[in-house]
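The hints should help you fit chains B and C onto chain A, whose structure is shown.
Protein chains in written order, with this note's numbering: chain A, 259 to 747; chain B, 648 to 896; chain C, 3 to 459.
Since the hints were made in silico from the structure, they are not lab data.
Among the clues, some could well be false.
As the list claims (entries may be wrong) - With beta-carbon atoms standing in for the labels, derived distance ranges:
id	chain 1	residue 1	chain 2	residue 2	range
1	A	Q375	C	T336	37 to 43 Å
2	C	K296	A	Q333	22 to 28 Å
3	A	Q437	B	Y811	45 to 51 Å
4	C	N42	A	S502	52 to 58 Å
5	A	S742	C	S262	57 to 63 Å
6	C	S179	A	S502	15 to 21 Å
7	A	A634	C	G334	42 to 48 Å
8	A	P325	C	S262	36 to 42 Å
In this text, a Cβ means the ideal position worked out from N, Cα and C, and glycines have one as well.
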Amino acid sequence: MKKKINRRNAIKTGAVSCLGASLASYTTKKAIAAEDDRRFLIVVTATGGGSIIDSFLPIQESSINQPGLSTYTSQQIFKPEGSEIATVHPFSNLKIQGLEVATAANNMVTFLENNYQNTAILCHEVTSVNHEEAQKRAMNGNSANRGETILEAVARRHGNGLLIPSCNMSVNGYAQPGQYPKTPESARPLLISNPKNFAFTTHASKGVLNAPDESLLNRARKIRGSVEKRGQFWQTFQNNSRLSSYIAARNSLTSFEEANLIEKLMIVKESEGEFPLDDYGLNPSPLLEILNKSFPNLMFDAIQAQAALAYLLLKGNISSSVAIGPSFNLEIDTNNKIINPPLSFDFSHSDHRNAQNFTWHRLMGTVDSLIALLKATNYKGNPELGTLWERTLIYIATDFGRDKILQPSGGSGHHTNNASVIISPLIKGNKIYGGIDEASGLTYGFDLNKGNPTPGINGIREPHIYSLITQAMGIEFPNQINMSAVIKS
Amino acid sequence: MTTLMKIYIKVFVFSATLCFVGCSKKKKSKSDSPATIENSDGEAEATEGSSSNTPDGQTNTPNPSSSPNSNTNPNEDDLIIGKNLSWKRAAALTVDLSSALMLSPATLCNELGLYSCTQQVHITELGSYDPLQSGTFEPIQEPNKTTPISLERVILTACTNSVYHSQIIAKKLYSDIDLSKNTGSISASAFKSHFTKLYQKILLREPADDELTDLKELLKDQAGNPINNNDFAILSCFIVASHIEGLFY
Amino acid sequence: MNRSFKKLKLVILYLVSFTLSSQALALSSAPNIFCSKKPNAPDCISGASKCLACHSSVPNLNLYGQDVQSYLFKQKGYDKSKFTLYLNGAIDYLDKLDSDSDSFINTIELEKSTKPYDESSIPEIPIVRTYENEFAYKRMWIAFCGRSPTYESMKAFRNSSNQKEIIHKDLSQCLKSNFWLKEALYRLADKKIRPTKALGAEGSIVVADYKWDYRLFSYIMSEDHDARELLTADYHIEPDGSKTTRTILKEDPVNGTFPSNIIVVDVGQPLPHQYRAGMLTTQWFLTSNTMFTKIPRVTAAQAYRAYLGLDIAKGDGLFSVEEELIDYDKKGITAPSCAVCHKTLDRITYPFIPYEGIFGGSVSGTYKPSREFSELEGSGYILGTPTTGLKDWAQKAANSDEFKIMLTKLFLQYAIDQKITSDNEDFEELWQSIPGDGYSINKLIHRIVDTMTFGAP
Numbered sequence: 259m260k261k262k263i264n265r266r267n268a269i270k271t272g273a274v275s276c277l278g279a280s281l282a283s284y285t286t287k288k289a290i291a292a293e294d295d296r297r298f299l300i301v302v303t304a305t306g307g308g309s310i311i312d313s314f315l316p317i318q319e320s321s322i323n324q325p326g327l328s329t330y331t332s333q334q335i336f337k338p339e340g341s342e343i344a345t346v347h348p349f350s351n352l353k354i355q356g357l358e359v360a361t362a363a364n365n366m367v368t369f370l371e372n373n374y375q376n377t378a379i380l381c382h383e384v385t386s387v388n389h390e391e392a393q394k395r396a397m398n399g400n401s402a403n404r405g406e407t408i409l410e411a412v413a414r415r416h417g418n419g420l421l422i423p424s425c426n427m428s429v430n431g432y433a434q435p436g437q438y439p440k441t442p443e444s445a446r447p448l449l450i451s452n453p454k455n456f457a458f459t460t461h462a463s464k465g466v467l468n469a470p471d472e473s474l475l476n477r478a479r480k481i482r483g484s485v486e487k488r489g490q491f492w493q494t495f496q497n498n499s500r501l502s503s504y505i506a507a508r509n510s511l512t513s514f515e516e517a518n519l520i521e522k523l524m525i526v527k528e529s530e531g532e533f534p535l536d537d538y539g540l541n542p543s544p545l546l547e548i549l550n551k552s553f554p555n556l557m558f559d560a561i562q563a564q565a566a567l568a569y570l571l572l573k574g575n576i577s578s579s580v581a582i583g584p585s586f587n588l589e590i591d592t593n594n595k596i597i598n599p600p601l602s603f604d605f606s607h608s609d610h611r612n613a614q615n616f617t618w619h620r621l622m623g624t625v626d627s628l629i630a631l632l633k634a635t636n637y638k639g640n641p642e643l644g645t646l647w648e649r650t651l652i653y654i655a656t657d658f659g660r661d662k663i664l665q666p667s668g669g670s671g672h673h674t675n676n677a678s679v680i681i682s683p684l685i686k687g688n689k690i691y692g693g694i695d696e697a698s699g700l701t702y703g704f705d706l707n708k709g710n711p712t713p714g715i716n717g718i719r720e721p722h723i724y725s726l727i728t729q730a731m732g733i734e735f736p737n738q739i740n741m742s743a744v745i746k747s
Numbered sequence: 648m649t650t651l652m653k654i655y656i657k658v659f660v661f662s663a664t665l666c667f668v669g670c671s672k673k674k675k676s677k678s679d680s681p682a683t684i685e686n687s688d689g690e691a692e693a694t695e696g697s698s699s700n701t702p703d704g705q706t707n708t709p710n711p712s713s714s715p716n717s718n719t720n721p722n723e724d725d726l727i728i729g730k731n732l733s734w735k736r737a738a739a740l741t742v743d744l745s746s747a748l749m750l751s752p753a754t755l756c757n758e759l760g761l762y763s764c765t766q767q768v769h770i771t772e773l774g775s776y777d778p779l780q781s782g783t784f785e786p787i788q789e790p791n792k793t794t795p796i797s798l799e800r801v802i803l804t805a806c807t808n809s810v811y812h813s814q815i816i817a818k819k820l821y822s823d824i825d826l827s828k829n830t831g832s833i834s835a836s837a838f839k840s841h842f843t844k845l846y847q848k849i850l851l852r853e854p855a856d857d858e859l860t861d862l863k864e865l866l867k868d869q870a871g872n873p874i875n876n877n878d879f880a881i882l883s884c885f886i887v888a889s890h891i892e893g894l895f896y
Numbered sequence: 003m004n005r006s007f008k009k010l011k012l013v014i015l016y017l018v019s020f021t022l023s024s025q026a027l028a029l030s031s032a033p034n035i036f037c038s039k040k041p042n043a044p045d046c047i048s049g050a051s052k053c054l055a056c057h058s059s060v061p062n063l064n065l066y067g068q069d070v071q072s073y074l075f076k077q078k079g080y081d082k083s084k085f086t087l088y089l090n091g092a093i094d095y096l097d098k099l100d101s102d103s104d105s106f107i108n109t110i111e112l113e114k115s116t117k118p119y120d121e122s123s124i125p126e127i128p129i130v131r132t133y134e135n136e137f138a139y140k141r142m143w144i145a146f147c148g149r150s151p152t153y154e155s156m157k158a159f160r161n162s163s164n165q166k167e168i169i170h171k172d173l174s175q176c177l178k179s180n181f182w183l184k185e186a187l188y189r190l191a192d193k194k195i196r197p198t199k200a201l202g203a204e205g206s207i208v209v210a211d212y213k214w215d216y217r218l219f220s221y222i223m224s225e226d227h228d229a230r231e232l233l234t235a236d237y238h239i240e241p242d243g244s245k246t247t248r249t250i251l252k253e254d255p256v257n258g259t260f261p262s263n264i265i266v267v268d269v270g271q272p273l274p275h276q277y278r279a280g281m282l283t284t285q286w287f288l289t290s291n292t293m294f295t296k297i298p299r300v301t302a303a304q305a306y307r308a309y310l311g312l313d314i315a316k317g318d319g320l321f322s323v324e325e326e327l328i329d330y331d332k333k334g335i336t337a338p339s340c341a342v343c344h345k346t347l348d349r350i351t352y353p354f355i356p357y358e359g360i361f362g363g364s365v366s367g368t369y370k371p372s373r374e375f376s377e378l379e380g381s382g383y384i385l386g387t388p389t390t391g392l393k394d395w396a397q398k399a400a401n402s403d404e405f406k407i408m409l410t411k412l413f414l415q416y417a418i419d420q421k422i423t424s425d426n427e428d429f430e431e432l433w434q435s436i437p438g439d440g441y442s443i444n445k446l447i448h449r450i451v452d453t454m455t456f457g458a459p
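Extracted from the complex, chain A is given alone in its bound form:
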């Protein structure tokens, strides 16, 4: 009798070994090619629904405005010289539902001054006003690409050879994996719930007091591998997909350890009683000083901590796509002042204008600092390869828009009409694609051939935004919409 083996095993083994050889050479070639044209995507989520008419398409108040329409005085609106895009100053004495907020720097203004040339506003309608579903659609273009999220698509194209091709620090629908079954496991984003803790998850022994040295640990791992294959458990479950992927991840954990991510990604500073790194033989990131200058509140502001980690992931050539964004949780600073209102942008239900104004400024200030760092950093430290920023696209994703006409209480509900903000040297910036009907507060779209506005018509939906981003990142997929009008040739 021939050797009895599981049919699937046989097929798998054969297939994998054949594929292994060809894949090895394919991925090597691909990796070399990708090295030259690697691009990076950062998704920044305006969790809860960031309203475009309260950020980058403000409507100047006039006598014809509808009562309740969210408008701004000419003094409140700012437009840098040469910019086609405007924004809103922070409100003075800003409070959210009467609660004290942390000092709101003039972040949107600074952001726009620094970045208007690379910023595009894409007016659109979305197709869901359910937070979770709308968030998912913002990430997967309403299943434009067989359900693969934008993070996954970029990781698949640009993440070859990287330790963690994609990371996701956002929440809820933004953090959901895509539905495309052929997305490789390696391109599935790693969820990071707390960027300050993440470094600890990248090394099994460094910083563990009294642990045996690494060579002994590696020896123990090897022995464990032999022992595991002895028992009945292995015989029963060796082909289990959950176990197989766990073991595959375990087999590659030394690459995390060898890369010393536990220190490279350690964004907390030595502090007795809070982060006694030294006592545990650990060091913070060598770039911590730079990070603290750019993100001075990163110890208590989650978005700043996320942005700091995102920068390190890109700079270290560890990830190709990263998502960051506020959660729905209230965050307060050391003076008990609000940093993130409860429900983030969705606090607009209670206090639309203050919540929008404060949260947009907070978010865009962090984005501005992040871009400044990317502009100052050469890809792989090599000036000949250009800066990281030259390879990066930032997508401000939002659940949906808000009601244009505010409730008497000052609150707003969810609305499908809105716009997305894209910032990148890869696109034709300093432009509003589409426009706004100042009487209704509703945005209208643009024609896809030349990017000219189409007043009264807004045919731009989630798949257009998804297609635009993928196209700018050099990714093709079936039924991709040609967005060349927005992309630099």
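Just chains B and C, lined up with the frame of chain A:
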């Protein structure tokens, strides 16, 4: 039972594992579906009812009422043995490790001595979540890329703590090893007794002889020198506690 | 060099003899002999060449043919003149072999008309797993007690002749444990309650206390309580575990006192019991979902999703109502792309309208028929059936198949720590058993641990 079926059953033996076959698309009831286990000659032999070869030589009795009647034709994938495996997530891992290593959950593992490994720092990687802190309402479905690292880190810390945290605990847990000696030989009987204790506490069974043979490698380092007893205690705990059989079920 | 040359010569000789003997096997009578013995063989019924039963292309042998050859060469006194004589024996002998190593022996393949020489050609015969008591026992402990059994209890289990009884006896204990009642059930409720710390009783702007929701959920899902009360209960569970139908206001001692820097919008369960519909009308559910909206679509959509498993955003549970869709609150819902969902969504929403979310200066989460559009309360629908109000809506929902399916999916997926597929072998039987078990979740769980889905590795 037909001869055809008997032959068919014989062919479908997965090496040391149990494998059960039916002859028709409609699922057979237990009594129609005898199990087979391989004897030492590699030949399959039929046994009565559901059976599993447990490490201590016990044989499970058949389950008289476990077969649901269903006329559906499930996917073949659903019928392949070994498909059904759960992941022991943060909460159960914490309780099991604490209990096995005689440490309270609070002292099991804390990053920098301050932050709970299983409830805070590694909670996502260990397959759990805190709805109030993270704003998420479900855990990750599958272990992710850093799950093995987090698991090893938590287990290594816990094992290290079990050796160094309290002499009373260490003496009880590692009674077969003289932790006061830097290096020293461990007798064959102490070695077996030590691993038997760990296996029983963590894997709920005794170690098999071939497993013990493999584990003997732990007595020395790469260069063949004996390792010190504390390292041996920690790493023996680490090997058993991070064994896949203790992390999945 | 000499040895290598000799080896090469041997190889050449072997190849020559192999080819010759292969040709010898290709006797014209062979296919007929084979097909008379194996009429269902694919190469006998396909109409293509019967030679393919043993040859990949004459004279080359396929895997089955190689086994025939191997058998023949082992027979004492065999030569090609005896081929026909020995072929029958070869075919019989090969019956129990698995020539292509696809785990299906040749006789099965030839019976079922698949190719015994091609591993990708296999019969459609399912491999039936079996229920393993020890596997189920450990799994039950971890899932429902939150920890593994001890070595001692596992040993006793292995030695027992009543393993099934032990599983159920221990399960009954687990279902009374703190782990199950205060941890596991709480986590199972998270997606339904969706707590936001900042707005709860431990937050900085208190709009309601979701701990009431967790206690109610855990109570109804435990012991043998009727699970339908998730949608129909007119009571709450006090912090001490007792049941009450009283209204609980902000000032009630049970709510405690809050520091002065905390804004307390409201906290308690102020809704009179006659208007309560279990988890759908807790103060947290109403305030966190309805908030300030007049037509609380988010509330209804969450109720539909959390308690009937139907997500309108995904196109689940859409039904057609003849009546015209009216855009009462001017949200643009009659646009064709919106109306697809809103024809259902608005109708399931109307019964929620008189239930207040947050209203400045007033009590949150109570019944207020003066709310705008409250006249629509009786125009609602659930699952295509008209309803007279929220209590009727909830009653019909609680008795629906969708509710039973939601419960079964929730607990089965939890038990096995995996998503189940729609064709799961046990699923239908499980959810259909719920009414007969008096909607007891404990009984459902006892059934779950008996299934192959739970107990077969």
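Next on the checklist: 37 to 43 Å was suggested as the range; check whether the CB atoms of A/Q375 and C/T336 agree with it.
Outcome noted: 42 Å, holds
Checklist entry - Falls inside 52 to 58 Å, the C-beta gap from C/N42 to A/S502? => result 37 Å, violated
Checklist entry - How does the Cβ-Cβ distance of A/P325 and C/S262 compare with 36 to 42 Å: does it lie in that range? => result For C/S262 against A/P325, whose Cβ atoms are near 37 Å apart, the range 36 to 42 Å holds.
Checklist entry - Is 22 to 28 Å right for how far apart the beta carbons of C/K296 and A/Q333 are? => result 34 Å, violated
Item to check | Cβ distance range 42 to 48 Å for A/A634 and C/G334, holds or violated | outcome: 46 Å, holds
Checklist entry - So does A/S742 sit 57 to 63 Å from C/S262, Cβ to Cβ? => result 60 Å, holds
Next on the checklist: Assuming the hint says 15 to 21 Å, is it satisfied by the Cβ distance from C/S179 to A/S502 or not?
Outcome noted: 33 Å, violated
Checklist entry - At the C-beta level, are A/Q437 and B/Y811 separated by a distance inside 45 to 51 Å? => result Holds - the Cβ-Cβ distance for A/Q437 and B/Y811, about 48 Å, lies within 45 to 51 Å.
Checked against the numbered hints listed earlier, the structure breaks hints 2, 4 and 6; every other hint is satisfied.
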